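Model the full assembly from the supplied sequences, consistent with the hints where possible.
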Amino acid sequence: MKSSLPEKKWAGLRQRLGDWYRSARRNLPWRRTTDPYAITVSEFMLQQTQVVTVIPYYERWLKQFPTWDALAGAKEGAVIKAWEGLGYYRRARSLQALAKTVVEQGGELPRSEEGLLALPGIGPYTAAAVGSIALGLPLAVLDGNVMRVLTRVLAMNDDIARAPTRAKLQRIANAFLDKDDPSTHNQAVMELGATVCLPRNPMCLICPLKSGCIGKTRAEEFPVKSRTATEKRIETVAVLRHGSRYYCEQVPAGKPWHGLWRFPDFDPARMQKGEPIAKIRYSITKYAVIMEAVEAKWKRRAPVSSSVRYLTPVEMQELAFAAPHRKLIKFL
DNA sequence: AAGCCGGGGAC
DNA sequence: GTCCCAGGCTT
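Every letter in the first sequence is one number past the one before it in numbering that gives the first Met the number 0, and letter 325, counting from 1, is 324.
If you're looking for bench data, these hints aren't it; they were derived computationally from the structure.
Take these hints with a grain of salt, some might be off.
[What the hints assert, rightly or not] Here are the simulated DSS-like cross-link-like pairs (lysine-lysine), alpha carbons at most 30 Å apart as the crow flies:
id: 1; residue 1: K329; residue 2: K296
id: 2; residue 1: K231; residue 2: K278
id: 3; residue 1: K254; residue 2: K278
id: 4; residue 1: K8; residue 2: K209
id: 5; residue 1: K7; residue 2: K209
id: 6; residue 1: K74; residue 2: K254
id: 7; residue 1: K167; residue 2: K178
id: 8; residue 1: K8; residue 2: K215
id: 9; residue 1: K254; residue 2: K178
id: 10; residue 1: K254; residue 2: K209
id: 11; residue 1: K209; residue 2: K178
id: 12; residue 1: K298; residue 2: K278
id: 13; residue 1: K326; residue 2: K231
id: 14; residue 1: K296; residue 2: K278
id: 15; residue 1: K209; residue 2: K278
id: 16; residue 1: K224; residue 2: K209
id: 17; residue 1: K80; residue 2: K285
id: 18; residue 1: K326; residue 2: K272
id: 19; residue 1: K296; residue 2: K326
id: 20; residue 1: K80; residue 2: K62
id: 21; residue 1: K272; residue 2: K254
id: 22; residue 1: K99; residue 2: K62
id: 23; residue 1: K296; residue 2: K254
id: 24; residue 1: K167; residue 2: K7
id: 25; residue 1: K8; residue 2: K224
id: 26; residue 1: K329; residue 2: K298
id: 27; residue 1: K329; residue 2: K272
id: 28; residue 1: K285; residue 2: K329
id: 29; residue 1: K8; residue 2: K167
id: 30; residue 1: K215; residue 2: K167
id: 31; residue 1: K224; residue 2: K62
id: 32; residue 1: K99; residue 2: K74
id: 33; residue 1: K285; residue 2: K272
id: 34; residue 1: K272; residue 2: K7
id: 35; residue 1: K272; residue 2: K231
id: 36; residue 1: K224; residue 2: K285
id: 37; residue 1: K74; residue 2: K296
Here the structure is a predicted model, which means the values were calculated and not measured.
Below, the structure written as structure tokens:
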């Protein structure tokens, strides 16, 4: 296992990667702008989320919230609704908190890694991505794509779930970085990971780095990563209808989907079970969930509070629902 | 260091 | 159906 390569080898790979990227790069919406706000929006959305999923959200978001100011002044409900279905909703709140901070600080992002890292929702990856792409800072990104490319090039067996491995890979990414054009270089490594150096069935034969790649004959062995086992879970949610309205609740803080709307869990102590309506599968963190939706009636009076309401179809359209519950609406 | 937070695409 | 993916924050 190699821990790195001499600068001469990195220089050759860097050059081939850049040449490849200039001819093969995808024409993505956030590659047509130099607006730091728009680039920041794209990087928040791209955390844990694939390009094809992000594109329509990005386009709508920039129309609805075109500037830091617009986002800072928006209602939180509108922000969450615009994020509906994208997942990891904390990103949306962090992005709005970031917008408020930027506006307070004069409307511009800080031009240093340290300054970026101090902002809400910005960790090592986003600081390097926004810093290099929007501000031209010489910071090497280390995301899943980059880790996959680098562990394969070096045939590195270290477990990428471990912090020391991340630190080692960060040093290697720093050595690989093109300090003259960090923006293009970072995007090129990630583009390679997303389109050629794929998790499964990598296209090593057409890879611009194949001449220097130590792991290319057994690319699918990399990266090595330990993972926690998933658990199966079955849950039942209740569809309580009143005329054309449905009983829904807004998830409180501290629970998954907090702030979004959903159908309530079926509670046998308070509800009478009726006919089954649908089975919807979804996964959340380490759980693989089968969600069974059933018709139900209250045994006693329905509980009332500010976070539960009988919603009309129009209201259900306007409010942000957790994705599996949004799917359930289609069955009603 | 480990656990929490979603959703979709590939096979 | 099953597996895979992975950045930031909290504890």
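Results for each hint:
no., hint, result
1, K329 / K296, "holds (20 Å)"
2, K231 / K278, "holds (14 Å)"
3, K254 / K278, "holds (22 Å)"
4, K8 / K209, "holds (12 Å)"
5, K7 / K209, "holds (16 Å)"
6, K74 / K254, "holds (21 Å)"
7, K167 / K178, "holds (19 Å)"
8, K8 / K215, "holds (16 Å)"
9, K254 / K178, "violated (43 Å)"
10, K254 / K209, "violated (46 Å)"
11, K209 / K178, "holds (23 Å)"
12, K298 / K278, "holds (24 Å)"
13, K326 / K231, "holds (20 Å)"
14, K296 / K278, "holds (19 Å)"
15, K209 / K278, "violated (46 Å)"
16, K224 / K209, "holds (23 Å)"
17, K80 / K285, "holds (25 Å)"
18, K326 / K272, "holds (21 Å)"
19, K296 / K326, "holds (21 Å)"
20, K80 / K62, "holds (14 Å)"
21, K272 / K254, "holds (25 Å)"
22, K99 / K62, "holds (18 Å)"
23, K296 / K254, "holds (25 Å)"
24, K167 / K7, "holds (20 Å)"
25, K8 / K224, "holds (26 Å)"
26, K329 / K298, "holds (26 Å)"
27, K329 / K272, "holds (20 Å)"
28, K285 / K329, "holds (26 Å)"
29, K8 / K167, "holds (18 Å)"
30, K215 / K167, "holds (21 Å)"
31, K224 / K62, "violated (39 Å)"
32, K99 / K74, "holds (12 Å)"
33, K285 / K272, "holds (29 Å)"
34, K272 / K7, "violated (70 Å)"
35, K272 / K231, "holds (23 Å)"
36, K224 / K285, "holds (15 Å)"
37, K74 / K296, "violated (34 Å)"
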